[in-house]
Structure formats: structure tokens, C-alpha cells
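Each chain, written out:
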Amino acid sequence: MTTAPTAGGAPTSFLEVRDLRIHFPTDDGLVKSVDGLSFRLEKGRTLGIVGESGSGKSVTSLGIMGLHTVGQYGRRKARISGEIWLDGKELMSADPDEVRRLRGREMAMIFQDPLSAMHPYFTVGAQIVEAYRVHHDVDKKTARTRAVELLDRVGIPQPDRRVDDYPHQFSGGMRQRAMIAMALVNNPELLIADEPTTALDVTVQAQILDLIRDLQKEFGSAVIVITHDLGVVAELADDILVMYGGRCVERGPAEQVFHAPQHPYTWGLLGSMPRIDREQTERLIPVKGSPPSLINVPDGCAFNPRCPYADLPKGGITRTERPELRPVPDAGDGRPHLTACHLPQQDRTRIWNEEIAPKL
Amino acid sequence: MTAPLHDTNAAETAAVDVAAGVPAKAIEGRSPWRIAWIRLKRDKVALTGGIVVLLLILVAIFAPVIVGLLGHPPNEFHEETIDPLFSTPKEAWGGISSDFLFGVEPGNGRDVFSRVVYGARVSLLVAFLAAVVAVVIGTVLGIVAGYFGGWIDAVVSRVMDLLLAFPQLLFIIALVSVVPNSLWGLSGSGVRMAVLIAVIGFFGWPYVGRIVRGQTLSLREREYVEAARSLGAGRLYILFRELLPNLVAPITVYATLMIPTNVLTEAALSFLGAGVKPPTASWGQMLSKAVSTYEADPMFMIIPGLAIFVTVLAFNLFGDGVRDALDPKGSR
Chain F
1 MTTAPTAGGA
11 PTSFLEVRDL
21 RIHFPTDDGL
31 VKSVDGLSFR
41 LEKGRTLGIV
51 GESGSGKSVT
61 SLGIMGLHTV
71 GQYGRRKARI
81 SGEIWLDGKE
91 LMSADPDEVR
101 RLRGREMAMI
111 FQDPLSAMHP
121 YFTVGAQIVE
131 AYRVHHDVDK
141 KTARTRAVEL
151 LDRVGIPQPD
161 RRVDDYPHQF
171 SGGMRQRAMI
181 AMALVNNPEL
191 LIADEPTTAL
201 DVTVQAQILD
211 LIRDLQKEFG
221 SAVIVITHDL
231 GVVAELADDI
241 LVMYGGRCVE
251 RGPAEQVFHA
261 PQHPYTWGLL
271 GSMPRIDREQ
281 TERLIPVKGS
291 PPSLINVPDG
301 CAFNPRCPYA
311 DLPKGGITRT
321 ERPELRPVPD
331 AGDGRPHLTA
341 CHLPQQDRTR
351 IWNEEIAPKL
Chain Y
1 MTAPLHDTNA
11 AETAAVDVAA
21 GVPAKAIEGR
31 SPWRIAWIRL
41 KRDKVALTGG
51 IVVLLLILVA
61 IFAPVIVGLL
71 GHPPNEFHEE
81 TIDPLFSTPK
91 EAWGGISSDF
101 LFGVEPGNGR
111 DVFSRVVYGA
121 RVSLLVAFLA
131 AVVAVVIGTV
141 LGIVAGYFGG
151 WIDAVVSRVM
161 DLLLAFPQLL
171 FIIALVSVVP
181 NSLWGLSGSG
191 VRMAVLIAVI
201 GFFGWPYVGR
211 IVRGQTLSLR
221 EREYVEAARS
231 LGAGRLYILF
241 RELLPNLVAP
251 ITVYATLMIP
261 TNVLTEAALS
271 FLGAGVKPPT
281 ASWGQMLSKA
291 VSTYEADPMF
301 MIIPGLAIFV
311 TVLAFNLFGD
321 GVRDALDPKG
331 SR
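One line per chain: the protein sequences are F and Y, in this order. Heads up, the first sequence is in UniProt numbering, so the first residue is 1 and it goes up one at a time. Heads up, the second sequence is in UniProt numbering, so the first residue is 1 and it goes up one at a time.
These are calculated hints, taken from the structure and not from any lab test. Fair warning: there could be bad hints in the mix.
As the list claims (entries may be wrong) - Some chain F residues near chain Y, calculated using beta-carbon distances under 7 Å:
1. Ala117
2. Ala131
3. Val297
For clarity, every value in this text was computed on a predicted model and none was experimentally measured. The beta-carbon is built from N, C-alpha and C at its ideal position, and this holds for glycine as well.
Assemble the whole structure, with the sequences as input and the hints as a guide.
As C-alpha cells, this is what we get:
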């Protein structure tokens, strides 16, 4: 589907990203944070974007929100190309002011660190009220009622009193809930959660994930969850997109990616995740090496220096030619499952079944 | 805390309160300003400075009342108190008496007390308004330069560098001598004061501008600014609602410390003859006049000198206290 060059014209999906590229010119060279990413997402569904630190996950989310170009005048800009279609509108070529009006109302974002994402100077309530009044022409009292209602909805106890507290008076989990309330106050149709649980402890993580899932059911929004924690996507996502070195290496329905992963990097991620639903056999297997520099991405397949199977395909093709995203044959229920790997399909199936799966 | 529904239940409700404990002593959110105020109240030196500042402001505002009660009109001559031969006050200590609290001016016998009181008006008015001018220009340009960056920042920063390198005292003296007698609907001393305010304020803004710009540069990268953008906040909203509140503390501190500098500048300019025009009283002008008679009448120099000294010291102590109180790293 998406590897085909853009034919132009509005897509039928709610959100469609086509060949998104976000590059940052720096003194050291061009940082290719996102290099040709495409995906689509329907309302009411959740897409999980996974990958190591520095694989371009957060840059992607900020790119969709159009936040790379805001408030930059004459500074060296991020170079962005591609298309982002939200609800039939193309955002990349749209007037920045129009995109600004969409932010908050049509698409909203939950940030990673809830302490630094709330203004320390204003009460939590005042911030939610302001977020509401940016898009709704209502008086402060109505907006405040709405703020209290949302704080209640996200599970803040005594919302009518806590609404007047400052962010520092909230615990980490409460702050993240308040952050979610702020993002949801305008009923956005697209919610991007950028590592929503990274700063929280495990029990609170579970509560926040439940909350996001419940709210999605209630509001029917499309959700993108960005994380490096496979446990989080396993909980939430319908579809999974695995990113490596600014590109998508595997994408497919969550069950498929978890039960029949195709890319060696996905195997590595699964191998380094502790599981409690199976008997533990050996030590966890980390992915060897470290993520590539986005200034100097390895030739060929970006994963080749770390891939244990890099020499399997003939002619050193992994080091010279970048693999394209190709559909995996006979993958499940018809929803596409794609992967970018030079390994022949039968080798991949064999390695997964014989070498990887038994160790997980 | 809810009121008891029935009086008969009052005792019971109270008992519940004591048991629960929480609603009776609810933890109260304190705004940064309240915390600063509590800290300031504990700092005795700063508090003294603040009280003196407050008194000076009251003196300046109620100058006519105070002079009416305790002195003589500031421009009234009392030649009977002056020795016609040496033209110095007849009485010892510069003519200090119950009638003339701070003595009389050599030569014409004007009441020094009244002139010091009226001089406070000029000093404080010029110092305050010049600080306001500097803070407004400096904040707006600094925040805009820091937030937008690029060529806007380059232009503003170079202008600031230029102004900081400018020989402002010489420029003001030269400017004052060419300013016409009536301007902007003002005349006489009014023109001079307006010029002083405009010029001192104009040369003061780069100091504020630099601080604001530097702070803005670091604040604009904060995640909550990004979060505000992600919720659809506009440019002006981010500048004045997200960034400005964080700048209020450094600006306040700088403004309170800029006022005494302005008092000194105004006194220096008046001393050099570039301040308000006689007969309007000003401290610098009195000092300048005292230079020729200080051997015979030192009190006439000491009193306006003390007025300047006390004012500057009080503002500095108060400003330091405000800075400590607003410092979030300071101990509570």
C-alpha cells in the first residue's frame, strides 16, 4: 500500500502520513531523524510506534502536530517534506495559522514528562480553562465547569478543589492525568501520546494506560502511542509500527507483530522484553550494539551492523541496497503486514520458528 | 468546611472534624508571590528599606501637605535669616531651628526642608518613570528578540550593544541644552523632566532587554511551551501568558535596583545643570549650589546629600531583599 508513490488526492483514512521526511541541518551534518515514513490510521484505532531512543519517534509526532516550524524565524529550519492528511485536509501545505487552530481541537498531544509540560506558574485548572477557551468562545465559569468535569473523568479525587492547585502540588501520576485532561478538553479526534508512561512508576503506568484506553472508547478518537516499551503497545495498540534509524522496518497488526514478527530488529526487541506469561528460559537477549547515528546512517539496511543475519542474503546486498517495505505473504486477517528486510521469506520464517521463538 | 446542618449536631460535627483532621487544616496552595512576601517579611533589613521607600513615596506625594504643616513655601525668600555681609545663615548649623527644620539656603533664605521635600518629588518621579520606560521597552524587545530569534534577534541585540557603548551622560547634557522650552504640551521644568525620563529610560532598556532575552531563550525551549503550542496557543499567547509570568521576578528585581541608579543619574544631571530648571527644587541642584558655600555652611551640602544617600540605600536594600525573596533556590 504505502510504498507506492503518492498519487495525490485525499485519502479515505482519517490520518494518512505519506513519505514523511524530517531532516535537521546541524554543524555536524544533516540529521535525518525521519526518512520516508508512511502510515495510516482510522478513527477509534490505536497505532503504537516503537523503537529505541533516537529512532525518530518523537520527531514524527511533533512533525504531525506541525510543531517543528512554529516560532522559528530565519533560524535554520527543520527540512520537512511529505504529506500529512488529517480528516481530508493536507497539513503540510496548509496555512500555519489554520494548522494552529487544528492543534488542540482536532489533534492533541500528551507529553512524556508531565511536570515540565505544565506551566509552573498557573493552577492546573487555569491551564485547562485556557486550553478550552482557545477553541471555544465561552466564559470562564463554563470553561471551569468543563475543567472540573474532565479532572473528574480522568480520576482526580475532589476535582472541584484540586482544580485550584498548582502542578507541583500534584503527584506524578495525577499530573499525567491532568495533562491528559488538558489534551482531551477539546475532544480531539487524534490523540498523540508521546511516551505517556515513561516518567511514571509501574502501578500508575497501568492506570494511565487503562485511562487512555477507556477514553478512546468513549470519545472514539484515533490514538498514536509512542513508546520504547513493548509492554505498553501490547496493552493498547491495534497496529504496530517499528522504527529504526528514522525509517519503518516493520508494520502490521499487533497480534501479527507479536506472534509472527518478521524483522530481525523486532526479534531483538521482543527478545529483550521480559515476559511473565511464559516460563523464563534464559537471560534476556539484548540487541547488540547501539542505535545508528542519524547523521551517518549505515548504507544498505540501517540495521546491518547489528544484525546477526546480515550475511545471509547473497552478494552483501544488506550493505549496499536499502530494503523496501514489502508485504509479508499470507499474513493473518488481510490487514497488511509489511517489513523491510532482505532476508528471503522462507529463511525468515525458518529463523523465527527454529531460533528465535523457542527462546522467548 | 461545611456548616453543620442542625445546631444540635454542632458538637458532633466538631468531633468529626477533630477526628478527620484534614478539612480543618486543609493544605493551602501558596502562590510564588505569597511565598516571596512571607520571606520578605522575615528579612528585617529589606523590610526597613521597604518602609523607608514607602515613607519617601508618601513624602513625595503629600509634599504640599507636609510643607504646609512643617515648613514654608519652597520658593519663598526669608532674607531676614541671612547675614547680609557673608550671605550665609545668621544662626549656627545652617540656620536649623524649630521654624526651619533643615535650616535655610545661603543667599536667599529659602526653607531647605521644603526644598528637600519637593526635591523628593522630582527625584522619585524621574527615577520611577524612567524605570517604567526602560522595563517596558526592554521587556517587549527582549522577549520578542529571544522568542523569534533570527534577524529580529540580530537587530535588537546589535541595537542593545550600541546603546550600552553610548556615552549617555554626555549625550544627555548635550541633548538637554538643545531641547526647546516647551515641548509635548509641557513647559519649563516639565519639559526637562520629560526629557530626563525619556532619555534615562531609553538608555536603561538594554540592561533589561538583555536579561529578558537571555531568559526567554531558555524558557522558549521548555516543554510546557511546546505543550501550549500543541494545544493551539497563538504567538501572542505564548509570549505574554506562557513566557512573561516567568520573567516577572527578574524584571521586578531589576526594576527595583534600577530606581536608585536613576536617582543618582538624575542628581548628577541636575548637579551638572542638565536637570530640572530652577526654581523647581531638586537635590542635585542644591548640592551644586552648596559647592560655593560649603566652607561657611556645610549643612546645606550635607542635607540634600543625605537625602540622596538614604533614598539610594533604602532602594538598594529593598531591591536586594526582593531578589532574595523571589529566588526559588533561596531557603524558605
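Violated hints, by number in ascending order, as checked against the structure: 3
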